[in-house]
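Colleague: Position 106 of the sequence shown, counting from 1, maps to 237 under our numbering, and the rest follow consecutively.
Simulated from the structure, these hints should not be mistaken for laboratory data. Among the hints, erroneous ones may be present.
[Stated by the list, open to error] Pairwise CB distance ranges (calculated):
1. Asp-256 with Gln-138: 42 to 50 Å
2. Arg-165 with Pro-255: 14 to 22 Å
3. Asn-213 with Thr-163: 13 to 21 Å
4. Gln-283 with Asp-152: 18 to 26 Å
5. Thr-214 with Lys-177: 19 to 27 Å
6. His-254 with Val-205: 21 to 29 Å
7. Gln-137 with Arg-271: 33 to 41 Å
8. Ala-232 with Arg-143: 28 to 36 Å
9. Thr-214 with Ala-268: 17 to 25 Å
10. Leu-237 with Asn-260: 19 to 27 Å
We put the beta carbon where it would ideally sit given N, CA and C, even for glycine.
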Amino acid sequence: MHNKVQQQPARRIGALVLIRDGKKRILLEETTYRKGLQLPGGAVHKGEQVADAAARELAEETGMRRVIAFHLGVDQIPANPNTGSPEGFNFICDGGFASHAEVAGLSISVGASEEIRALAWVHPDELDNHVEPYMAARIRIAVDHADSGLRQPLLYIGQPADQRHGA
132 MHNKVQQQPA RRIGALVLIR DGKKRILLEE TTYRKGLQLP GGAVHKGEQV ADAAARELAE
192 ETGMRRVIAF HLGVDQIPAN PNTGSPEGFN FICDGGFASH AEVAGLSISV GASEEIRALA
252 WVHPDELDNH VEPYMAARIR IAVDHADSGL RQPLLYIGQP ADQRHGA
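Taking the hints into account, I'd like the entire structure generated from these sequences.
Modeller: This is how it looks when you write it as structure tokens:
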């Protein structure tokens, strides 16, 4: 009998961040490459930890700095033959609540200005007017999990991200 080694398919891993303000509005961004708004975040680079990617993307796109230690859900996305995008998994990470100073200091960094057009605060009741239906469902579940305390630690080789970073 022959033992064949199966090659694993390419998969994309994304790290998205749920940030809310004092009015429980959700921080979303308008990108140059997709219709509507979406959570801040992006691709996890090869060898990068999800927690680090979420923090990096949030800082690059909004200027906000956070230690990201928990996720609120994982959304599996099928491959898209129209764009050539492989199937993937998006970790929806808990970024907590933005302070008044952070809300006032939000800005799109120069490096992200080619992909981010605008930042917006959207109330959960208005998500359907601004995001794709699957994104609205993803965000609502993440908000419900955050409000219920159903967040899970982001682990790397069994070690929680907040312990690794000493947060």
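Colleague: Indicate, hint by hint, whether the structure satisfies it.
Modeller: How the hints compare with the structure:
| no. | hint | verdict |
| --- | --- | --- |
| 1 | Asp-256 with Gln-138: 42 to 50 Å | holds, 46 Å |
| 2 | Arg-165 with Pro-255: 14 to 22 Å | holds, 20 Å |
| 3 | Asn-213 with Thr-163: 13 to 21 Å | holds, 18 Å |
| 4 | Gln-283 with Asp-152: 18 to 26 Å | holds, 24 Å |
| 5 | Thr-214 with Lys-177: 19 to 27 Å | holds, 20 Å |
| 6 | His-254 with Val-205: 21 to 29 Å | holds, 25 Å |
| 7 | Gln-137 with Arg-271: 33 to 41 Å | holds, 37 Å |
| 8 | Ala-232 with Arg-143: 28 to 36 Å | holds, 34 Å |
| 9 | Thr-214 with Ala-268: 17 to 25 Å | holds, 21 Å |
| 10 | Leu-237 with Asn-260: 19 to 27 Å | holds, 21 Å |
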